[in-house]
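Participant: Here's the letter readout for the chains.
There are 2 protein chains.
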Amino acid sequence: MDDDPATEILEATYRALCDRGYADVTLGDIAAEADTSKGLIHYYYDDKETLFAEFLDFLYDRYTARIESVEGETARDRLAGLFETVLTDEGSATGEQLRTAMLEVNAQAPYDEAIRARLARFDDLLYERVRSAIADGIEAGEFDDEVDPAVAAEFFVTAIYGAHARRAAADRSPDRLADVMTRYAERHLVADGPTEVPS
Amino acid sequence: MDDDPATEILEATYRALCDRGYADVTLGDIAAEADTSKGLIHYYYDDKETLFAEFLDFLYDRYTARIESVEGETARDRLAGLFETVLTDEGSATGEQLRTAMLEVNAQAPYDEAIRARLARFDDLLYERVRSAIADGIEAGEFDDEVDPAVAAEFFVTAIYGAHARRAAADRSPDRLADVMTRYAERHLVADGPTEVPS
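Going line by line, the protein sequences match chains A and H.
All the letters of the first sequence, read from the start, carry residue numbers 67 to 265 under my numbering.
All the letters of the second sequence, read from the start, carry residue numbers 67 to 265 under my numbering.
Treat the hints as calculated values from the structure; they're not laboratory data.
Misleading hints may appear alongside valid ones.
What the hints assert, rightly or not - Here are the computed distance ranges between Cβ atoms for each label pair: (1) Asp-211/A x Glu-194/H: 30 to 40 Å; (2) Glu-179/H x Glu-150/A: 24 to 34 Å; (3) Thr-248/H x Leu-106/A: 45 to 55 Å; (4) Leu-191/A x Leu-106/H: 46 to 56 Å.
As the list claims (entries may be wrong) - Cβ-to-Cβ under 10 Å is the rule here; a few derived chain H residues that face chain A: (5) Tyr-88; (6) Thr-166; (7) Ala-175; (8) Gly-228; (9) Val-246.
To be verified - Covered stretches of chain A, going by a simulated chain H footprint (3 or more residues, C-beta under 8 Å): (10) 182-191; (11) 215-223.
Treat the numbers as computed from the prediction; the structure is a model and nothing was measured.
Even glycine gets a Cβ: it sits at the ideal position worked out from N, Cα and C.
Build out the structure end to end from the sequences listed, making use of the hints.
Facilitator: Shown next as structure tokens:
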């Protein structure tokens, strides 16, 4: 193990979850993936629920880092970068598998307060980054000042959730949805209206 | 039983699913709810998987009827009616419980071709109704003719999925999301731009 054992177990949880999905993954799978024993997992984490709560924090930290690393010369670039970060899979099968597994975790949220609280934190972060990109764009004159950043951000964040749900549930293409989202933002936020972007 | 037994079992499946969620519901729960025996359920449906596949068809037929009953004097009314039908819970706890249970079913879709195919049918129906309301509105001069009905419908259907996912996963208010959606449609589709509707 290169990392400390507790972190290595969380990394293994990530890989095992991608492979097997939330419903089927066991502590045995995670131990095998981490090349350690179930005993050592229990030493760090009381049970599967505790491990998954910690795992969600771990995932949230990664996700925060990815979202906070989105830069752009303009607010408009930053908004497009945010969409790209949350909607594309970087061409990797792992991203797709993780999203599928996370949908399962999300589906447990109504029954589990700890999961719900953590997902609400993801939600707050994403909402705030989208809202501030839109607000900055309005201030810089890039976006139409009739747009309400809070309402627009609420709408876009909702659509981002929908893109993930629809992709997994009904086999709709993620790329098409990311594309539609970006075209909508261009069409409806940009101060001079649609120019180079066809509706 | 008032209906034929097979239909009564599907009605009972609906109630049991609302009460217990997909992961926990058993054929025994459904038998108790239908006031019948597990034996009779097995007579009509081979196993839980077969029953749920039939149940999704049953649900789809109901949903189709609800969506097809949406009327309106204008295309704009019809679009608002569609949003209301799919986004509000008619003030009932049952609607909320069913949506929660359906999120669980959705989360199984990546692992189950039969569920995926049925959800894709839901998706096609909703998409087509939204698209045709927008296309009719453009033809009638109610909506801006620069709007592409296919792109706009894709976006709205995606946002509808997102509203359900976000409500359950992160405890966001459904009413607020339905409201945001309607305001967005008013703002961005209506031919003369936003008038009485604040952004």
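Participant: Which hint numbers does the structure go against, in order from smallest to largest?
Facilitator: Hints that this structure does not satisfy do not exist here, as all of them hold.
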